[in-house]
Amino acid sequence: MSILVNLDIMLAKRNMKSNELADIVGITTANLSILKTGKAKAIRFSTLEAICKALDCQPADILEYVED
Amino acid sequence: MTKNRLLNIAVNICRIIKGLYIILFIVLTTVFIHFQIDKEFYVNNVENNKTSFNYKVNGFRVNKSTKWKMENAGEDEEVYSLKNIQITSLYIIYFQCVGVLVFLFLSINEFQKVMLSVKNFQTFRKENVASFRRIGKYLFVFFLLTGYISVRFQKGGFSWLDISFTPLVFVLLAFIMAEIFKEGLLLKEENDLTV
Chain Y
4 MSILVNLDIM LAKRNMKSNE LADIVGITTA NLSILKTGKA KAIRFSTLEA
54 ICKALDCQPA DILEYVED
Chain X
1224 MTKNRLLNIA VNICRIIKGL YIILFIVLTT VFIHFQIDKE FYVNNVENNK
1274 TSFNYKVNGF RVNKSTKWKM ENAGEDEEVY SLKNIQITSL YIIYFQCVGV
1324 LVFLFLSINE FQKVMLSVKN FQTFRKENVA SFRRIGKYLF VFFLLTGYIS
1374 VRFQKGGFSW LDISFTPLVF VLLAFIMAEI FKEGLLLKEE NDLTV
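Protein sequences, first through last, are from chains Y and X.
Residue 4 is where the first sequence starts when you use my numbering, and the numbers rise one by one after that.
Residue 1224 is where the second sequence starts when you use my numbering, and the numbers rise one by one after that.
Worth flagging that the hints you see were computed from the coordinates, not collected in a lab.
None of these values were measured; they are calculated from a predicted model.
Heads up, the beta-carbon is just placed ideally off N, CA and C, and yes, glycines get one too.
Watch out, some of these pointers could steer you wrong.
Unchecked claim - Simulated restraints on C-beta separations:
#, chain 1, residue 1, chain 2, residue 2, range
1, X, Ala1353, Y, Val69, 35 to 41 Å
2, Y, Asn22, X, Leu1416, 19 to 25 Å
3, X, Leu1339, Y, Glu23, 37 to 43 Å
4, Y, Leu66, X, Glu1412, 18 to 24 Å
To be verified - Partial pick of chain Y residues on the chain X-facing surface, computed with a CB cut under 7 Å:
#, residue
5, Met19
6, Asn34
7, Lys44
8, Thr50
9, Ala53
This is chain Y alone, in the form it adopts within the complex (with noise of 0.2 Å):
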């Protein structure tokens, strides 16, 4: 997958937990390992929004493209 999802650098430099940030974003812990596993097929603009909010960063700083 070409597309990083930077949510554990996120989360470590906000000292929050995946749980925490499951709660407030309103998705299953299952959901979000899914996402930082990079095995998210999709990501919802909802979810990317609530997820933006609570760690108030920008999409940019939790997604990356590198190149295969």
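Start from chain Y and add chain X according to the hints.
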């Protein structure tokens, strides 16, 4: 509610048909064994009643009859008598019939599995794709088994090539259903992995 009722009916029909196939298999095997023990019973009862077994054909059929020895002209009944049937021919017919029953049973069994999964809201899963593919394969074997029938007697015999399109249509439908379910499975996986 309606969906569940329909599925329950479908599952129950599958169970009844499977039960009927088992009964048919037992009856067929019993007749097959009994025929070899007491041939006269069938010669006297079946032949004298002029019982015939036919089914509708939705394709084309090629019949071929041969008589190797014409000792008495016009005595077909003697040539094609059950008591004169060749033992190898009898075994082939028996295994053909058993094969037909087994493959129909397996097809119904797979269909029942699909129905149960739909009932449990697990419609699009790998097992259902595999089930439809298996149904297609089983029906193709059924088509092959019913395609050519040959009965050999001591002094003659007859055979027919029966290309029936109905099983082939079902084979095609089963493979199409497998592809549809495969597509559904991909969509489901994509949906499941959308956060």
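Do the hints match the structure? See the list:
no.	hint	result
1	Ala1353/X to Val69/Y: 35 to 41 Å	holds, 36 Å
2	Asn22/Y to Leu1416/X: 19 to 25 Å	holds, 20 Å
3	Leu1339/X to Glu23/Y: 37 to 43 Å	holds, 41 Å
4	Leu66/Y to Glu1412/X: 18 to 24 Å	holds, 21 Å
5	Met19	violated, 17 Å
6	Asn34	holds, 5 Å
7	Lys44	holds, 4 Å
8	Thr50	holds, 5 Å
9	Ala53	violated, 11 Å
The structure fails hints 5 and 9 (numbered hints given earlier, in ascending order).
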